[in-house]
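Between the sequences and the hints, there should be enough to build the whole structure, so can you do that?
Here the protein sequences come in this chain order: A and B.
So for the first sequence, the numbering used here puts the first residue at 1; every next one is plus one.
So for the second sequence, the numbering used here puts the first residue at 1; every next one is plus one.
To be clear, the hints were calculated from the coordinates, so they are not data collected in a lab.
Using N, Cα and C, we set each Cβ at its ideal position, and we do this for glycine too.
A portion of the hints provided could be inaccurate.
[Said to hold, decoys possible] Calculated cross-link-like contacts (lysine to any residue; reagent style SDA-like; alpha-carbon spacing at most 25 angstroms):
| hint | chain 1 | residue 1 | chain 2 | residue 2 |
| --- | --- | --- | --- | --- |
| 1 | A | K76 | A | R111 |
| 2 | A | K76 | B | L80 |
| 3 | A | K76 | A | K104 |
| 4 | A | K92 | B | D52 |
| 5 | A | K76 | B | F34 |
| 6 | B | K44 | A | V100 |
[Said to hold, decoys possible] Derived CB-CB ranges, DEER-like:
| hint | chain 1 | residue 1 | chain 2 | residue 2 | range |
| --- | --- | --- | --- | --- | --- |
| 7 | A | R86 | B | M22 | 38 to 48 angstroms |
| 8 | A | A49 | B | E47 | 14 to 24 angstroms |
| 9 | A | R99 | B | F42 | 20 to 30 angstroms |
| 10 | B | E47 | A | D50 | 53 to 63 angstroms |
| 11 | A | M110 | B | F42 | 55 to 65 angstroms |
| 12 | B | S53 | A | L114 | 48 to 58 angstroms |
| 13 | B | K49 | A | K92 | 31 to 41 angstroms |
| 14 | A | N120 | B | A11 | 37 to 47 angstroms |
[Stated by the list, open to error] Chain B residues, not near chain A, derived (Cβ > 12 angstroms throughout):
| hint | residue |
| --- | --- |
| 15 | T10 |
| 16 | A11 |
| 17 | D43 |
| 18 | K48 |
| 19 | K49 |
| 20 | F50 |
| 21 | K51 |
| 22 | S53 |
| 23 | E54 |
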Amino acid sequence: MDQERRPQPPASLRAAVAALAECKLKSSSEGMDARKGMEPGDLDNLSEADKLRMVTMIDQLQVRDSLRMYNSLVEKCFGQCIDNFRRKTLDKQEESCVRVCAEKYLKHSMRVSLRFTELNQGSMTPD
Amino acid sequence: MSTKQGFGQTATPKDVEEMVGMAQQEMEYRVELFNKLTQSCFDKCIEKKFKDSELNLGENSCVDRCVHKYWQVTAMIGQLLSSGRPPM
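Put into C-alpha cells, the structure is as follows:
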C-alpha cells in the first residue's frame with residue numbers, strides 16, 4: 001500500500017469543510033433572518049453567552065453536515081461510476097465520471113437548498 | 001484535572017471542549033466512511049447467491065481493489081470540494 005495517499009483525508013477534508021461551511025453560512029444566515037421575522041427578537045433577547053453557545057452549536061452542526069454530505073457524495077458517485085474491479089486504480093473514464101457526478105450533485109444540492117430556503121421563508125416561487 | 005498542555009500553551013476548558021468536539025466529528029466521519037465503504041464494496045463484489053460462507057478468490061481481490069478505488073474517489077472528491085468553489 002502506498003503510504004503517501006493515506007494521510008490524504010484530514011488535510012483536504014478541513015479545506016473542504018471550510019469551503020462548504022462558508023457557502024452554507026450564507027444560506028443559513030438567510031434562514032436565520034427569516035426565522036427572526038417569524039419570531040421577532042428571537043436572537044436579540046439572548047445573552048452574549050447564549051448567543052455564543054448558539055453560534056458554536058450551529059458551527060458544529062454545519063461541520064458535521066458537511067462531513068456527512070462529503071461521505072454520501074463519495075458513496076453516491078462511487079456507486080454510479082465504478083463498476084469494474086480489474087484494476088485497483090481509477091481509469092480515465094471513471095475519473096471523469098466521478099468529477100461530473102460530484103459537480104452535478106453539488107449544483108443539485110445548491111438548487112434544492114435555494115428552493116428550500118424559499119419555502120421556509122414562505123415566499124412561494126412565482127411559477 | 002490539569003488544563004496545562006505540553007506545548008507551552010495553556011488550554012482553557014473551552015479549548016479542550018472544542019478539541020474534543022473536533023475529535024468526535026472526525027471519529028463520526030471515519031465511522032460513516034467505513035460503513036459506507038463496507039456497504040458499497042459488499043454490494044459491488046459479493047455474490048448474492050450465498051452458497052459459501054467463505055470469501056472466494058475473486059471476491060477477495062475484488063474487495064481489495066474496491067477499497068482502494070473507494071479511497072481514491074474519496075481523495076478526488078475531497079480535492080474537488082476543497083479546490084474550486086462549489087459551483088453556484
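Cross-check of the supplied hints:
1. A/K76 - A/R111: With a Cα-Cα distance of about 18 angstroms, the restraint between A/K76 and A/R111 holds, given a limit of 25 angstroms.
2. A/K76 - B/L80: holds, 15 angstroms
3. A/K76 - A/K104: holds, 12 angstroms
4. A/K92 - B/D52: Not satisfied, since the Cα-Cα distance of roughly 35 angstroms exceeds 25 angstroms.
5. A/K76 - B/F34: holds, 14 angstroms
6. B/K44 - A/V100: holds, 21 angstroms
7. A/R86 - B/M22: 38 to 48 angstroms: Because 39 angstroms falls inside the window, the suggested range holds.
8. A/A49 - B/E47: 14 to 24 angstroms: violated, 58 angstroms
9. A/R99 - B/F42: 20 to 30 angstroms: Given a distance of about 25 angstroms, which is inside 20 to 30 angstroms, the answer is holds.
10. B/E47 - A/D50: 53 to 63 angstroms: The hint (53 to 63 angstroms, Cβ to Cβ) holds, given that B/E47 and A/D50 are roughly 56 angstroms apart.
11. A/M110 - B/F42: 55 to 65 angstroms: violated, 32 angstroms
12. B/S53 - A/L114: 48 to 58 angstroms: Holds, at about 49 angstroms.
13. B/K49 - A/K92: 31 to 41 angstroms: This hint holds: roughly 33 angstroms between Cβ atoms.
14. A/N120 - B/A11: 37 to 47 angstroms: Holds, since A/N120 and B/A11 (Cβ atoms, about 39 angstroms apart) stay within the stated range.
15. T10: holds, 20 angstroms
16. A11: holds, 16 angstroms
17. D43: violated, 8 angstroms
18. K48: holds, 16 angstroms
19. K49: With a cut-off of 12 angstroms, B/K49 remains clear of chain A, as the shortest Cβ separation is near 18 angstroms.
20. F50: Given a closest Cβ separation of 20 angstroms, the condition holds.
21. K51: holds, 20 angstroms
22. S53: holds, 21 angstroms
23. E54: B/E54 clear of chain A: closest Cβ-Cβ about 19 angstroms, beyond 12 angstroms.
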